[in-house]
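**Q** Sequence:
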Amino acid sequence: DDILYDCEHDQLSRDLCKRSLDAAQNSLLIIKKLNDKLENDVKEKRLIIIKDTEQKQQDLALRRVRSYINIANAMSEKYINDGKDNANLQAFSQYIKNAIKLSKKYNFYEELARLHSSLSGFYLFLPNYLHYKKEIIATMKQAIHYASLTKNTNEYLSCVYDIAQ
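When the count follows the working numbering, it moves up by one through the sequence shown with no breaks and lands on 165 for the last residue.
Hints in this document: simulated from the structure, not taken from any laboratory.
Remember, predicted model here, so these are calculated numbers, not experimental data.
Treat the hints loosely; a few may be bogus.
Said to hold, decoys possible - With beta-carbon atoms standing in for the labels, derived distance ranges:
1) Lys84 with Arg46: 47 to 57 Å
2) Phe125 with Lys43: 52 to 62 Å
3) Ser148 with Ala87: 33 to 43 Å
4) Ile48 with Tyr129: 42 to 52 Å
5) Asn86 with Arg64: 18 to 28 Å
As the list claims (entries may be wrong) - In silico lysine-lysine, BS3-like type, Cα no more than 27 Å apart, as pairs:
6) Lys84 with Lys133
7) Lys45 with Lys33
8) Lys56 with Lys133
9) Lys51 with Lys134
10) Lys56 with Lys104
11) Lys97 with Lys56
12) Lys78 with Lys97
13) Lys134 with Lys97
14) Lys141 with Lys105
15) Lys101 with Lys84
16) Lys101 with Lys51
17) Lys97 with Lys141
18) Lys78 with Lys133
19) Lys45 with Lys56
20) Lys97 with Lys43
21) Lys133 with Lys104
22) Lys32 with Lys78
23) Lys141 with Lys151
24) Lys56 with Lys18
25) Lys33 with Lys105
26) Lys18 with Lys32
27) Lys18 with Lys33
28) Lys84 with Lys97
29) Lys45 with Lys32
30) Lys105 with Lys45
31) Lys32 with Lys43
32) Lys101 with Lys78
33) Lys104 with Lys134
Backbone N, C-alpha and C fix where the C-beta goes; we use that ideal spot for every residue, glycine too.
With the sequences and hints as input, model every part of the structure.
**A** Below, the structure is given as structure tokens:
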């Protein structure tokens, strides 16, 4: 009887050991799956954060470009109406350059079309605008080029056409 009992006890120990091993291995698999899911979640969140940050940077850049354009337009008006102060012309030029540089960096085609059409308008308002015929034509061509790259091509081209007349 004792020998039979010991065999059953050994079998019971082996079964418990096997179940314990299986449970530990299953736990390890579940932990690995959870870890993989966590890593994927972290990667996704990083991508979302990066995309969100990039979108915020782009939004701020667009606001900056529009501010540059507005200031440049004001400086243009000041130059044309309040006397031909060279400081106003230099400030106008610098704001236009800053706006163009930033617009090209972020592919703000609508803003580039606006910038170049505004620049054409500036040349057209100068008293001796015929001296700037090449600049007027070049900036209008640039405005048309960038307008053709926009989502609302017809809208921008009609504005450029109106300016040209």
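**Q** Run every hint past the structure and note whether it holds.
**A** A quick look at each hint next to the structure:
| no. | hint | in the structure |
| --- | --- | --- |
| 1 | Lys84 with Arg46: 47 to 57 Å | holds, 54 Å |
| 2 | Phe125 with Lys43: 52 to 62 Å | holds, 54 Å |
| 3 | Ser148 with Ala87: 33 to 43 Å | holds, 36 Å |
| 4 | Ile48 with Tyr129: 42 to 52 Å | holds, 51 Å |
| 5 | Asn86 with Arg64: 18 to 28 Å | holds, 25 Å |
| 6 | Lys84 with Lys133 | holds, 19 Å |
| 7 | Lys45 with Lys33 | holds, 18 Å |
| 8 | Lys56 with Lys133 | violated, 40 Å |
| 9 | Lys51 with Lys134 | violated, 42 Å |
| 10 | Lys56 with Lys104 | holds, 17 Å |
| 11 | Lys97 with Lys56 | holds, 22 Å |
| 12 | Lys78 with Lys97 | holds, 18 Å |
| 13 | Lys134 with Lys97 | holds, 19 Å |
| 14 | Lys141 with Lys105 | holds, 20 Å |
| 15 | Lys101 with Lys84 | holds, 26 Å |
| 16 | Lys101 with Lys51 | holds, 22 Å |
| 17 | Lys97 with Lys141 | holds, 17 Å |
| 18 | Lys78 with Lys133 | holds, 22 Å |
| 19 | Lys45 with Lys56 | holds, 16 Å |
| 20 | Lys97 with Lys43 | violated, 38 Å |
| 21 | Lys133 with Lys104 | holds, 25 Å |
| 22 | Lys32 with Lys78 | violated, 68 Å |
| 23 | Lys141 with Lys151 | holds, 18 Å |
| 24 | Lys56 with Lys18 | violated, 56 Å |
| 25 | Lys33 with Lys105 | violated, 42 Å |
| 26 | Lys18 with Lys32 | holds, 21 Å |
| 27 | Lys18 with Lys33 | holds, 22 Å |
| 28 | Lys84 with Lys97 | holds, 20 Å |
| 29 | Lys45 with Lys32 | holds, 20 Å |
| 30 | Lys105 with Lys45 | holds, 26 Å |
| 31 | Lys32 with Lys43 | holds, 16 Å |
| 32 | Lys101 with Lys78 | holds, 23 Å |
| 33 | Lys104 with Lys134 | holds, 23 Å |
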